[in-house]
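A.B. asks: Whenever a hint applies, use it, and build me the whole structure from the sequences.
Chains V and B, in that order, give the protein sequences. Number 108 in the working numbering belongs to position 108 of the first sequence; there are no gaps in the numbering. Number 232 in the working numbering belongs to position 232 of the second sequence; there are no gaps in the numbering.
Derived from the structure by calculation, the hints contain no laboratory data. Source: prediction; values computed, not measured. Hints are supplied without guarantee of correctness; some may be wrong.
Pairwise CB distance ranges (calculated) [stated by the list, open to error]:
(1) B:165 with V:116: 55 to 65 Å
(2) V:71 with B:240: 47 to 57 Å
(3) V:20 with B:211: 26 to 36 Å
(4) V:182 with B:122: 28 to 38 Å
(5) B:74 with V:25: 50 to 60 Å
(6) V:125 with B:211: 12 to 22 Å
(7) V:183 with B:62: 51 to 61 Å
(8) B:293 with V:283: 34 to 44 Å
(9) V:75 with B:73: 38 to 48 Å
(10) V:25 with B:71: 54 to 64 Å
(11) B:70 with V:183: 55 to 65 Å
All C-beta atoms, glycine included, are put in the ideal place defined by N, C-alpha and C.
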Amino acid sequence: MNAVAPDVVFGPGTPEAARNIARRRRADRAFTGLVYAGVAIAVIPLVAIIYYVVRKGSGIMSVGFLTRDIPILSRSVGPGMGPAIIGTLVITGTATLMAVPLGILAAVYLNEYGKKNRLATVIRTMSDVMTGVPSIVMGLFIYTIWVLRYGLSGFAGALALACLMLPIVIRSTEEILRLVPAGLREASLALGASRARTIITVVLPAAISGIVSGSLLAVARAAGETAPLLFTIGAARNRNWHVFGGATTALSSQIFSNAQLPFAGAQDRAWGAALTLIVLVVVLTVLARVVTRRFSVPLR
Amino acid sequence: MIAPPSTTRPPETGAAATNGKGPLHGGSRLADQTFRWVCLASGCLVLVVLGLILFSTSQQAMPAFRAEGLSFITSKNWDPASGHFGALAFIYGTLLVSAIALIIAVPISIGLALFIAELAPPRLRVPVTYVIDLLAAIPSVVYGLWGILVFGRQIGRLYVDIGGWFHGIPILGTLTGDANNLGRTFMTAGIILAIMITPIVTSISREVFATVPRDQKEAAWGLGATRWEMIRGAVFPYSRTGLVGAVMLGLGRAMGETIAVALVIGSSATISAHLFGPGDAMASVIANQFGEATGTFRAALIGLGVVLFIMTVLVNLLARKITGRADRRLAGGKR
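C.D. replies: So this is what it looks like as structure tokens:
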């Protein structure tokens with residue numbers, strides 16, 4: 001591969017050479033400037049969004065906002081997002097209980113049993129593809145397969161979120177399992193442990209921090225999702241701890257509906273809900289990083 | 001603490017797997033086999049779900065597909081009240097908005113990836129990575145909230161001004177015409193999507209840049225190249241395929257993104273070149289109209305979902321194929 005066009009064909013010290021070097025320096029500086037400008041442009045929206053969410057959200061934030069009911073009249077001013085917080089926790093929690101164990105088992109299949117065989121390759125590709133399936137399509141899917149038969153419920157929303165989380169958990173877990181040294185498995189197998197026992201007592205514990213942090217990132221992504229919930233959980237305002245118990249609500253759905261209302265009170269509640277949601281998501285993301293740093297077994 | 005991986009390991013399906021009756025053998029062979037099957041079943045779940053998505057949604061969309069036939073994707077007449085469901089305007093909107101997003105996001109993302117991989121002083125590298133992670137962590141609906149209540153209103157005035165400057169000029173006048181002062185436009189949706197896909201394009205580009213062999217870069221440095229010449233001559237040629245894959249993945253994300261777009265695009269079923277005017281995209285139509293839809297209308301919206309599903313799956317498969325090819329080439333190049 002030709003690295004640099006050899007355009008310097010004249011001796012050093014000549015005026016042409018000096019001009020040439022100056023031109024190349026200029027190009028280099030222009031490039032560096034552009035890259036720095038790009039970084040600055042990328043930082044602006046992040047700062048703007050966080051600034052507005054914190055400024056507008058903190059105005060309404062209080063213990064009452066986190067615990068009280070959502071006002072019946074959208075135009076009324078004042079707090080209340082309690083049911084939405086409960087809904088988000090219940091729905092995301094249920095989705096996690098479904099997606100994380102299944103995702104880990106699938107990853108175990110890919111890395112410990114299937115390896116490079118045809119089925120494993122297909123599953124690997126398809127779970128990559130599944131990460132790219134739009135979240136709204138997951139919502140429609142659960143609508144057609146579950147809601148049409150059994151009605152709206154937190155569980156239907158959890159199913160949709162679980163579909164979104166599954167491929168993320170699979171891929172992140174598989175990456176981590178791949179890092180577990182073969183020597184560990186061989187030592188366990190040589191002691192006479194079965195394949196299943198080796199995986200459960202040796203391989204998975206060695207990889208646990210990576211699995212936990214990958215799963216936390218998947219949970220963070222699911223907690224913020226709105227589109228899969230639109231057609232699955234309905235639009236209740238009451239507290240609903242019961243995951244199978246009919247319509248419920250969630251923080252993200254509340255932000256979506258309140259953002260479109262022309263009332264200042266509703267918009268304030270949307271900002272408050274956004275602040276709550278961002279704090280939740282950022283805590284999960286940071287937790288994932290901490291888990292990776294603190295508890296990772298040195299695998300290499 | 002942990003033994004280094006042995007270099008001469010036996011084939012894992014051989015001696016190790018047939019071992020099942022040792023003195024320390026825990027659990028029965030049945031349990032071992034059961035575990036294997038449970039894992040296999042979980043793996044196949046991915047295929048089952050993908051298959052079910054296609055089957056179940058297509059089945060529910062059938063009434064609309066049957067009523068409209070091919071004009072579902074070739075007609076732009078979307079009129080639920082009189083039972084016409086031509087989705088061309090939404091397909092156009094999705095593609096237009098994604099194109100705007102890519103045009104903005106790709107140069108910035110590649111710049112960010114180069115910054116992290118090649119340019120950044122060590123103390124800036126970690127903060128910039130955090131910024132990108134945070135951009136990825138912000139939920140779509142929060143982008144939408146910011147877009148509809150803050151950003152759209154701010155930039156809406158700018159649209160009107162720019163529309164005024166270019167009024168009457170042939171192409172620019174058309175592109176900037178019909179400016180919406182609330183900022184609910186193709187352009188706003190495109191800009192917000194650009195912010196949202198920047199993290200994924202950046203992180204894949206970073207991975208791609210990380211695979212450029214060190215000796216190629218050092219050879220360029222050794223020839224006296226400036227940093228830009230080194231990147232142009234050693235990094236870009238090596239990573240071109242991978243970057244195409246990154247862009248395709250960004251495209252897939254942009255096409256499927258729903259909530260932020262639904263809030264800022266303006267919900268108007270029109271095919272127009274007015275970037276500063278309202279429009280609509282496939283995902284946002286589903287989100288905004290599903291609530292009041294019944295019968296064939298609802299089937300048509302599910303049908304939109306089917307079309308969107310197929311489009312994003314194709315784009316993703318293509319992206320994986322491209323990056324897969326790049327991986328193989330890189331793996332081959334190392335030895």
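A.B. asks: Would you mind marking each hint as holding or not holding in the structure?
C.D. replies: Going down the list of hints, with the structure as the test:
1. B:165 with V:116: 55 to 65 Å: holds, 59 Å
2. V:71 with B:240: 47 to 57 Å: Roughly 56 Å apart at Cβ, these two residues keep to the hinted range, so it holds.
3. V:20 with B:211: 26 to 36 Å: holds, 32 Å
4. V:182 with B:122: 28 to 38 Å: holds, 33 Å
5. B:74 with V:25: 50 to 60 Å: This hint holds: roughly 55 Å between Cβ atoms.
6. V:125 with B:211: 12 to 22 Å: Given range 12 to 22 Å: holds, Cβ gap about 20 Å.
7. V:183 with B:62: 51 to 61 Å: With Cβ atoms ~55 Å apart, the hint holds.
8. B:293 with V:283: 34 to 44 Å: holds, 37 Å
9. V:75 with B:73: 38 to 48 Å: holds, 41 Å
10. V:25 with B:71: 54 to 64 Å: holds, 59 Å
11. B:70 with V:183: 55 to 65 Å: holds, 59 Å
In this structure, every one of the numbered hints holds.
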